[in-house]
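*Asks:* Spelled out, the chains give:
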Amino acid sequence: MEKFLLKNIENPNSADIAEYIKTGGYKALSKALELKPSDIIDEVKRSGLRGRGGAGFPTGMKWAFAAADSKKPKFILCNADEGEPGTFKDRPILEKNPHLLIEGMIISGYALQAEYGYIYLRGEYPEAKDILEDAIKQAHDKGYLGDDVLGKGIRFYLHVHQGAGAYICGEETALIESLEGRRGQPRIKPPFPVNEGFLSKPTVVNNVETLANIPYIMEIGAEAYSKLGSPDCPGPKLYSVSGHVKMPGVYELPMGTTLREIIYTHCGGIRDGKKLKAVIPGGISTPILPPEKIDCPMDFVSMPKHGSMLGSGAVIVFDETVDLVKVCLRAMKFFEHESCGKCTPCREGVGWLRAIIERIYNGSGTEKDIDLLLEVSKNITGKTFCPLGDGAAGVVQGFIKDFRHEFEQHISKQVKAAA
Amino acid sequence: MITVTINGKKIQLEKPVTILKAASMAGIKIPTLCHHEALESYGGCRLCLVEIEKMPRLQTSCTQYVADGMVVWTETERVVEARKAMLEFLLINHPLDCPYCDKAGECELQDLVVKYGPSTGRFAEGKRTHPESYDDPIIVRNMDRCILCARCVRMCDKVQCASDISITNRSSKSFVEPFSGGRYNCEYCGNCLTVCPVGAIMSRMHKHAYRPWLIEKEVDTVCSFCGVGCSVVLQVRGNSIVRAVPKTGKGLNKGLLCNRGRFGYDYVSSPVRLDSPLIRRDGKLQRATWSEAFIYIAGELKRIKETYGGSSIAGIASGRCTNEDNYVFQKFMRVVLGSNNIDSAAGFAYAPAQKFFERIFGQGVTANSIHGISNSDGILVIGGDPTSVNPVLGLQIRSAHQKNIPVVTIGYMPGLKRFATNRLIPSPFAETALLAALVSELKSKRRLSDEKAAFARDINTIIENIPPVSLNEAGDVCRISPSDINNTVDAISNMTNPSIIIGRDILQRSEGHTNLLLLAALIYLLNGRIYLLSELPNEQGLVDMGCLPDMLPGVRPLAVDSFRRRYDEFFGVEVASEPGMSIVEMIDGANSNKIKALYVMCEDIVFNIPNSRYVKEALSKSELLVVQDIFMTETAQLADVVLPSLSWAEKEGSYTNLERRMQMLKKAVDGKGMEDWQAIAEISRMLGFDMNYRSPKDVMAEIARVSPLHKDIAYDDIVGDGFMWPYKGEPLRHGMSIEGIDIPDAKSLLKISDNDKIYAGMENPLFYSENLSRNSSALSSISPEPYARIGKALATKLSIIDGDYVNISADAGSIELSARVDSDLPENIVLIPNNFGDKGIFNVMNWKINPVIKSFVLDCTEVVIKKIKSAAEEVLA
Amino acid sequence: MLNERVVIEINRIKSKYHDAQSSLLPALYVVQREYGWLSPDAVAAVGDVLNVPRTTVKGVATFYSMFRHKPMGRHLIQLCTNVACMIMGAERLVDILKTRYGLEPNSTTDDGRFSLVVMECIGACATAPAMLVDTDFYDNLTEERIADILENYK
Ligand SMILES: Cc1cc2nc3c(=O)[nH]c(=O)nc-3n(C[C@H](O)[C@H](O)[C@H](O)COP(=O)(O)O)c2cc1C
Ligand code: SF4
Ligand code: FES
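Residue numbers (this note's numbering), protein chains in the order written: chain V, 61 to 479; chain L, 38 to 914; chain B, 27 to 180.
No wet-lab data here; the hints were simulated from the structure.
All of these numbers come straight from a predicted model, not from anything done at the bench.
A couple of the hints might just be wrong.
Unchecked claim - To give an idea of the chain V side of the interface with chain L (calculated C-beta under 7 Å), a few residues: (1) 248; (2) 251; (3) 252; (4) 256; (5) 399; (6) 401; (7) 402; (8) 403; (9) 404; (10) 405; (11) 411; (12) 415; (13) 439; (14) 443; (15) 445; (16) 447.
Claimed, not checked - Cut-off 27 Å, straight-line C-alpha distance, at most; resulting in silico cross-link-like pairs (DSS-like, lysine-lysine): (17) 195/L - 254/L; (18) 212/V - 42/B; (19) 131/V - 40/B; (20) 91/L - 438/V; (21) 96/B - 386/V; (22) 47/L - 249/V; (23) 393/V - 96/B; (24) 249/V - 58/L; (25) 195/L - 461/V; (26) 124/B - 261/V; (27) 164/L - 386/V; (28) 58/L - 365/V; (29) 124/B - 202/V; (30) 131/V - 52/L; (31) 96/B - 131/V; (32) 393/V - 121/L; (33) 438/V - 164/L; (34) 132/V - 121/L; (35) 261/V - 152/L; (36) 164/L - 40/B; (37) 249/V - 454/L; (38) 438/V - 152/L; (39) 121/L - 428/V; (40) 42/B - 454/L.
Even for Gly, the Cβ is constructed at its ideal location relative to N, Cα and C.
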């Protein structure tokens, strides 16, 4: 498939506006500005684009909600927090193809009649900050941003806002809180951001990759776009692959490419001739899968049918040498560290899960502890304020479902040692 | 109409509310920990989970709104399991120290665990621990008990708006703490205590002293500290108050209190309370019986009245006494002793201000609901910081700010610093020019109405005649940039019905009368609602009961013959038509031997009037000084007879707050003194005038007959949130004549204060309230050190830093204090509180009388400041 | 407390936002860049400049793991140990920093040269393990490579 999101990123000057324009950049914007805002929203709706941030919410629908709210001003926020471990798909866009994102944001701003956009960039990408700010300046100088976009009397201002190390700020309402200079704790929904978001004004939060798809839709039209990828989830998708494959990296592939194809066709299979033990398909919050399940298509609709989720499309591959209890423990440390602390089950329960796994890993666990893990995670599931706590519980359940024997081995090893 | 079914019960609702609310309306209780009715929903604890048909997930009922046709179950097996799980999670880190914890018995967590909780703990690892903290004088913290419901933080942030505590860190490391990490250094309102569901933040005052179930009775009463009149519940065990608590949703304070109201009640049980009458014999005050005391007083009063006439006797009433006490007191003075020399601390500023505004706009102009403040479209504050004078009223301003209502403050007001949209701090005592400029500007922006009532014509004339003052002129005098003043003009000229909140400082100036006139003009131009800050719980009652030299009960002017006649008839004695002396005139009168006898009811004039030395001298010249009080005050020490009275918690009666709302005091404990009205009635009887009251109720019955304003008020009707103005009686609706109101000339509007001089000013700190706070060990512990607040510029000039010791001297005396440097304070003023006997401001401050409105003038004390010891030297020593 | 340059910079940032508190995170960054950490005085001063209560600022500043609340060494090493880096050997790197530089997580070397913070994912999973030294990014780390890199930071 022809690349769109990662077009030209091999070019060392790909972040430069001149290079971008040379390869057709900002044409989509000109095209979009010929349309009525509502027509753009319709076009995005018809394209079938679903948000790439993890939840897969139809983007056009989200925009329509915000557009329908009469409060002013409106805001478009780009979620560039990319904190899900294993995920680095937005990074090449931010660092190598920033104008694609900027172009997407200007179009969305025009469609929503929003004059202000913020890119909420994770603090861990300091280089991206400089690159984006340079790119914004270039776009400004060229008249794509500012008081009079392309002489059409439209105003659009874009700023980069740097996060400071909080995974939860990827959650859209926590992101808004953080942008308002508060502790990044999720808000009660409703009201939804499309009605009361940043500064209580209608706000759309979209992932980097989602927004980067907008110029593409403008360019090839909703019709053509909707035919790409999976029927229910059209378009190209960025998969970030890490772990024990020969060629890890970010791959732009049609949505719905199977895990097997990703691992074996595109990434060259498992390295050092080892065997595949397990795959986390969509970032650390998605349940881990055994090798038998890697034939499922990676999209929002198919993955849940196979017991996991597409998430951010971050594939972490484990070969046979990996101790999965250790991976589970590390994942739980992550969730414990990143819990915002607002709700009881996540704040208290996830730490408890970690403590039990730690005990098992260190060899002082008992058979009962595996059941306790399941109990505790069941007590978290479905009761947390936001999906973070749920995710943590689901991860533990996922590990035990298909890899219970690994936990048992740790326990029996300990029993043996004691005997 | 929305119909929901909760646990099979159909509920009809007009508009959507949360499931929690709907359930509670139907009498179904859903357990909560993070939710509190005084706070917005949070959704953190997850205890209120319920099952909703057609929704796969359990939902938190505190955040989920009802929808038509919704079917909710609040106690299914699934729900109960979930609650049990949440409690198990909370107990992971919560210590099981219930036998030791003072919260046991009223701990929301404990109660829920009893109902739903797990019976055995499955958590094997160690709990999070934090040591008990005694960093604060009146608060004790056991933060390992904290369940992170964030109620305290939300209370502090969103309701008290102090934002002095926050959750810091995140995840399971989340921790509630103040900025310092140790001491709170906050306003100590204690509202965080009200909402803490567990024993994490508690009052230190009753630590390990009793258990909640040992409380024997709860008494609903009104706070004794300031003119707001918050509802408070006194919890009593034996004959002592163990705690003062607010009740959520109750009273005009709706569950809030300030530090004084919550912690200050311990003065009632102070060991230095007076417990016996005292008579001066051989130069010393000695114990006596009540009848000895009464005989002595009656005999002396009779002698003096017969020798020098009634007008040689003066009486000072009290804003801490009830309406009934004060009514009986003024009747005693007027009818029994034949003197109109009756006044009180209300005469310092509150009464003159009210009198002036009522004269122009009609009676009741200041009777406005405190809640109206946060509902007005703008707020202008001048002359005092409401957050320290009337703290719970102050919260209305902060809450208005949260609603984006513009707030303009004029003067130094640290408690409103973050809440003012426009903040002007004129140089000391220079507000007159600023007010005049505001009037000049508004005059052109607002068209004067030409049709309203007669008073409109009068005030229009006044406004027309006020000489114009330009922004530049005012800016020069006040040392504020004209553009700042202009921005303020813009802000206020958009207000259509603002709340105008006036503190006493603005009156206690040489130009106090001019300031009042300018304020009246502003109020008229802006169509403003007036609020007068009031330091005493029954300051308004003093006015309404006729404890003024020129007003009769119901605030009927003595000078109007027809009014006076009515009273003559009622009392059967002719009331003198000459107005009496104001409180300040009485002091001068005593000094010049015009006043021979002074009867002081619960007012410490030595302590509360500047230049204590002069006041003492004056008092010692009188032939008779009678003092009723609960403490051996500085004034009582000079008395010939001292009568112990009862404190606010030991008696009944009514208070009238600054909104003119009448509320009831209820007796909580027994005291050793006598009710003030009763002591006076006894003396009156000895002087041959029978006052046959058996109780305050009888007194109120008479008030209702005598005062046209209180007509038909029945004592027993004053319940709950009290009785609101205009009662059932007849207020004087029209303004009285404006004849005699002088229009200021341009010169008096633009008086420039001398740049090189430094003046003493009075600080109004939140933690102090005269003798009550001095005798409350809780309140005295918060800020026990006397201090002087000095502006940054002056401090720099004199190389003074925070904590250095300075000497402040003036004609009246000199004191040594530690310095607190504040960048917002103008250069040529030092502020000193009066709470500290011989280290208080009244040891240096002097005063004059404003001849026009008879209020205090306190802008006349020049001081010299010298640094005497640096903070560092102090530490070494 | 804050130097004039910092105050000017914060005020400049403030103008980008619709309300002052939104500029809190960037303002804290400015201060941290200037002083290396957020001292309580600095936290209070930021509150004063933005008219945000100091305790609120503290609550915010401590929520985010990239703000430092004690003085740091001259160079800050932020090493990722999350799953992808872990399985590619990040733990060994932590050990090396310990043995070779005496540098434990959340501590500073005695000479004040380095501080180490162990991070969650820094988005370099394909080229794991990875770290940031100050704001410079390094990946494909090995025992030798990390030593070479750190040589450049004095
Ligand atoms: C704990 C948590 C972390 C998240 N992190 C991210 C993230 O790093 N980047 C992102 O784009 N979306 C993230 N999301 C999803 C966002 O909440 C939101 O759905 C998304 O930004 C919407 O954009 P989209 O519609 O374009 O996908 C996260 C959600 C949760 C619950
Ligand atoms: S599940 Fe609860 S504690 Fe965890 S991140 Fe979400 S809101 Fe915060
Ligand atoms: S009361 Fe509803 S979540 Fe706490």
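*Asks:* Against each hint, give a clear statement of whether it holds in the structure.
*Replies:* Checked hints:
1. 248: 5 Å, holds
2. 251: Hint on residue 251/V: violated, closest Cβ of chain L at ~11 Å, above 7 Å.
3. 252: With a minimum Cβ separation of about 13 Å from chain L (threshold 7 Å), the hint on residue 252/V is violated.
4. 256: At 14 Å from the nearest chain L Cβ, residue 256/V fails the 7 Å test, so the hint is violated.
5. 399: 4 Å, holds
6. 401: 4 Å, holds
7. 402: For residue 402/V, the interface hint holds, since the closest Cβ of chain L sits about 5 Å away, which is under 7 Å.
8. 403: Status holds, d = 5 Å.
9. 404: 5 Å, holds
10. 405: Status holds, d = 6 Å.
11. 411: Holds: closest Cβ of chain L sits about 5 Å from residue 411/V, inside 7 Å.
12. 415: The hint holds - residue 415/V has a Cβ within 7 Å of chain L, the shortest such distance being about 5 Å.
13. 439: Holds, about 4 Å.
14. 443: Since the shortest Cβ distance to chain L is 5 Å, the answer is holds.
15. 445: Holds: closest Cβ of chain L sits about 6 Å from residue 445/V, inside 7 Å.
16. 447: Violated: closest Cβ of chain L sits about 11 Å from residue 447/V, beyond 7 Å.
17. 195/L - 254/L: Violated. Residue 195/L to residue 254/L sits at ~32 Å, over the 27 Å cutoff.
18. 212/V - 42/B: 23 Å, holds
19. 131/V - 40/B: 23 Å, holds
20. 91/L - 438/V: Holds. Residue 91/L to residue 438/V sits at ~21 Å (cutoff 27 Å).
21. 96/B - 386/V: 31 Å, violated
22. 47/L - 249/V: 26 Å, holds
23. 393/V - 96/B: 23 Å, holds
24. 249/V - 58/L: Holds, because 18 Å separates the two Cα atoms, which is no more than 27 Å.
25. 195/L - 461/V: At roughly 45 Å apart (the allowed maximum being 27 Å), residue 461/V and residue 195/L break the hint.
26. 124/B - 261/V: This hinted pair is violated, its Cα atoms lying about 49 Å apart.
27. 164/L - 386/V: 24 Å, holds
28. 58/L - 365/V: 39 Å, violated
29. 124/B - 202/V: It is violated: about 51 Å lies between the C-alpha atoms, which goes past 27 Å.
30. 131/V - 52/L: 23 Å, holds
31. 96/B - 131/V: 43 Å, violated
32. 393/V - 121/L: Within the cut-off at roughly 25 Å; holds.
33. 438/V - 164/L: 22 Å, holds
34. 132/V - 121/L: Violated: residue 132/V and residue 121/L sit about 45 Å apart, past 27 Å.
35. 261/V - 152/L: Given that 27 Å is the threshold and the Cα spacing comes to 42 Å, the pair is violated.
36. 164/L - 40/B: Outside the cut-off at roughly 42 Å; violated.
37. 249/V - 454/L: 33 Å, violated
38. 438/V - 152/L: 22 Å, holds
39. 121/L - 428/V: 20 Å, holds
40. 42/B - 454/L: 24 Å, holds
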